[in-house]
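Given next are the chains, with one letter for each unit.
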Amino acid sequence: LSYIGIDKLLRNKRAMILSYDFGIEHGPQTMNEKNIDPSYVLDIALEGKYTGIILTPGIAEKYYNSVFVDVPLIIKLNSKTSIPETFPLSKTNCSVQHAIRLGAAAIGYTIYDGSQTEPEQFHEFGRIVEQAHDYGIPVIAYMYPRGPGVKDELDNDLLAYSARVGLELGADFVKIKYNNHMQSFSWIVRCAGRARVLVTADYKTENEYLLRRTYDILRTGATGIVVGPHVWKNERPFTLSKALSSVIFDHKTPEQAMGLVR
Amino acid sequence: LSYIGIDKLLRNKRAMILSYDFGIEHGPQTMNEKNIDPSYVLDIALEGKYTGIILTPGIAEKYYNSVFVDVPLIIKLNSKTSIPETFPLSKTNCSVQHAIRLGAAAIGYTIYDGSQTEPEQFHEFGRIVEQAHDYGIPVIAYMYPRGPGVKDELDNDLLAYSARVGLELGADFVKIKYNNHMQSFSWIVRCAGRARVLVTADYKTENEYLLRRTYDILRTGATGIVVGPHVWKNERPFTLSKALSSVIFDHKTPEQAMGLVR
Amino acid sequence: LSYIGIDKLLRNKRAMILSYDFGIEHGPQTMNEKNIDPSYVLDIALEGKYTGIILTPGIAEKYYNSVFVDVPLIIKLNSKTSIPETFPLSKTNCSVQHAIRLGAAAIGYTIYDGSQTEPEQFHEFGRIVEQAHDYGIPVIAYMYPRGPGVKDELDNDLLAYSARVGLELGADFVKIKYNNHMQSFSWIVRCAGRARVLVTADYKTENEYLLRRTYDILRTGATGIVVGPHVWKNERPFTLSKALSSVIFDHKTPEQAMGLVR
Amino acid sequence: LSYIGIDKLLRNKRAMILSYDFGIEHGPQTMNEKNIDPSYVLDIALEGKYTGIILTPGIAEKYYNSVFVDVPLIIKLNSKTSIPETFPLSKTNCSVQHAIRLGAAAIGYTIYDGSQTEPEQFHEFGRIVEQAHDYGIPVIAYMYPRGPGVKDELDNDLLAYSARVGLELGADFVKIKYNNHMQSFSWIVRCAGRARVLVTADYKTENEYLLRRTYDILRTGATGIVVGPHVWKNERPFTLSKALSSVIFDHKTPEQAMGLVR
Amino acid sequence: LSYIGIDKLLRNKRAMILSYDFGIEHGPQTMNEKNIDPSYVLDIALEGKYTGIILTPGIAEKYYNSVFVDVPLIIKLNSKTSIPETFPLSKTNCSVQHAIRLGAAAIGYTIYDGSQTEPEQFHEFGRIVEQAHDYGIPVIAYMYPRGPGVKDELDNDLLAYSARVGLELGADFVKIKYNNHMQSFSWIVRCAGRARVLVTADYKTENEYLLRRTYDILRTGATGIVVGPHVWKNERPFTLSKALSSVIFDHKTPEQAMGLVR
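Chains as they are written, first to last, in the working numbering: chain A, 24 to 285; chain B, 24 to 285; chain C, 24 to 285; chain D, 24 to 285; chain E, 24 to 285.
Read the hints as simulated data drawn from the structure, not as lab findings. These numbers come from a predicted model, not from an experiment.
Identical chains blur together in the list; that is why a pair holds if it fits in one copy or across any two.
Quick list of in silico lysine-lysine cross-link-like pairs, DSS-like style, CA-CA up to 27 Å: (1) K114 - K174; (2) K57 - K72; (3) K57 - K36; (4) K265 - K275; (5) K36 - K200.
Isolated chain A (complex conformation) (with noise of 0.2 Å):
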């Protein structure tokens, strides 16, 4: 078997990474003439030392370059619009072989499991995850719970099985949201074994709370973090990134960090 380059999305072991696939699973509704630019994001990631930025195909195509050659690029090979009132599922629009032609380090694929189309999406998920690692291509795998099953998306158990899935069809990172238990939630963290967790969050705007989530996710165990538009649309998301940047490597506590950014 190859070996599986997850070091190269680490740094001291934990992970900081930059998310931009909000264009196509939300729309540029919310989005303004800086952050539409994925150029400005890109130089955010790169100047803010992210450990990897997650960009879907056409995106990588167009704006990801050598310039960039410091932040691994991650793409996204799934995604789906929030226009259709359909069942969840995305199919992949990108083939593992052409994102590593694109430059990726990793890829990542959502999997809504519990819903109606669980088989075809494992189906379709084992195979890129036995693809990528012929490549020696890490695989992240969004984990979120979905279908009539499903009453509270950040049920405990609901995580921790949804984490565990990931490990067992062969994910290197499970990506799930945080639900602010963070005793529990060391207990997910422990279900996805050797699979590393990256923690994404519903994070509140205030800087302060977003700080304060990071440390007490890192505490559980979890590799680390994915954040997106809060930074992104951040009005100093170069500071911001310092800051989440030294409670992640530096070991700062949520107060030392914000410091920074005041």
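Could you slot chains B, C, D and E onto chain A? The hints should help.
Just chains B, C, D and E, lined up with the frame of chain A:
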């Protein structure tokens, strides 16, 4: 990655493209003895110095030949009739490889974003982009929002969202409808980023109106226009093409251009 | 691109084709001891000097051989029975490659344009055209409009639309029904453009009627006719074939041709 | 085209085939300690000098070996259980290539003509015929009309239609049920043309009845019979096989054959 | 045909297999800090001298290594979560080839016979058997009857039918549930023929009960047992494994084996 031959469809960085897939999308019911003949339309494209002509594969194979080498051929890979009362979906009836054998300089593909088959459409489009870009062939995404979540096809946010989806999925050009809001339309062009915007409009039949709109559209930052029945149903298509050309490439005002038509 | 062997199905630029897929499409219920035998029908095709015979792959494989080399073989790639009460859809039961191995000079494929499975049908047809044309084999599209949007199958606009769809999708011949409106039918032929039109008709049993119709059809610009049960259920199929031939190839009037039959 | 090895299944141009897919199609509920063992049934086939034995791929792989070389192996490529209350459809659970590796001299495939999945079934069957004939392997089509359009499975017209469909789709043998109408059944045989007819019947348990039916069936022009439970559930299967053989191959009357059984 | 490596899973012709796909099939809700860790369970398998361990591909890739070479790896190719309230269907999330690369000595696949997707399941299973047997890898079919036609999953006839289906489709082992009817269960084993029977049971938590059942099951002719949570949730899994081993391989009575546990 291959160089993508976008420049073939441009003159002075602008595009003026003639579309002729009306026969399959709408039927020959409103066509006449002259414009039902693809040769007639190809002649207009050639003499009118269009920077591209959009044909279905069958018509390209039987009518497009070396005489028309100065009009780049754009093959529409998927089409549907207007007969079925069913959900919006067009699957490819021509492969990228076949389009290239037929002489295509670019290909077109319709995406009904928001429809219930969105996952399948994104998936098929993704494969097409990969194949086309392997050959250095640019891709035009026709972005038409549809489905129960779509109240108004010309809503600015929805058009912006659709344009953005085209960019994120790898299109080199997005073809969208014009909603007559010049001010806000420039936002849509921004959302498309490095994917160039081609605008099609539900043009009224008056020439002046068409020229005025074209002038406005280009001021939003769009790269060009796609015209169809308005030109090849026109009694003086060559003159009208000349007028359009003067607005698009020679920076004439609509009033100046009208001087050519009257 | 390969040269497409359309001429093989023509004599003096016209076509007179015998069809024998009745057994699968309608069943042997109204057939008899003689015409249930494919050899009998092949003999009619040979002696009647038809420019093509349409067979299903099974019958072609077991009955068509070097004796019949003067009657070009056309293999129908998709068929359905009349038993199921379901939506109109025929998928291929024979590949282009297999048809060629069986000796096919051309292939036929039925498209139910307007039906709910139109996207799948256009997709399969597109692949067939590509493969057939790679081998230089012409394609006959049977264009039969169906579905809730179809009130009258013989509506002139609908026939014109269907004929056009055949052209746009790459057919070399479109096979459509005749609606007894000679005047307006010539418009349909125009809509098919460089795709030649083969006409099939719900012929009455009188010979005179068949000859009259054939005469009319050819005056609309159609390339030829496809006859089936009317001939091989006829008591004197060889004589009738001779009469048809005189109308089609020797420019006889129906009255003159009747002299051969009586 | 390859020579198709039809003769391997014939003796004196007739066929006497033992079928043993009962375990998957109906379940072992009415089987016993002896006939649940495939070896027991293979011994009957060998000693009874059957011209073929029909097995599912799993049983063929584990039980059929060089000892049985004198009984040609026919592998059933698709099967279903009788548990699901769903529409009639069997998809292949074994490829033609695998069947050949397992030693198959022929393959069988069930088509439920008239069912709502008819297009998919015809499509899969078409591919199987192509592959089998590439290897010179004959194909047995089990023709079972089903679906809302089917009132009476044993209707003579429907059986004739089904037999014909088998021929038109490329089957070398069609396996159909017997409807006890000897006179009209010969018409069905005519409809199958050069596809040989194998008859299966809802045999009563009396030996005399089975022999009488076999005698009648062969007089309709059918090539042979397919027997199953009647033989391998019989207390004296070897004697019964001898009696059947005398009717089929030695032109004995049922009365004469009964002398061997009593 | 390749030799199928069935013996790798046997000791003295019997099997004692540890299953650990609980995390994906049921979720980690009832697991604890110890048994959530695959290493812990792998240690039990190694020290308990199990003749195989069943893992999902993701866990196999990240946890199974050369240390565990004495415990043959069985990779479960398809799994589903218990979240969706949908019809029973699991599609492969791992190919046979990938399983082999991960070190698999055998593969497992769940078939829900009787469910509405039975045709697709049989089709996918058939391909898997072909591929696995090409590599000489044995296949374990989990036979779980489901669907509206299934009133009682533990009905003896239904279990016998399911076991038989496994044999007929090419499984080398069928894994079925135990219904506590030792007498009639031996009929089920007979129905499976040369496919070896592995039994799983809804074991109660008392060790004595488990040992008694195991003893009974082996007397029905079954080849072995598959145990899961009962062992790795047990407080003394190593001791219990030893007791199980003494019953299975050393022909101890449950009473004798209990001496090891107490």
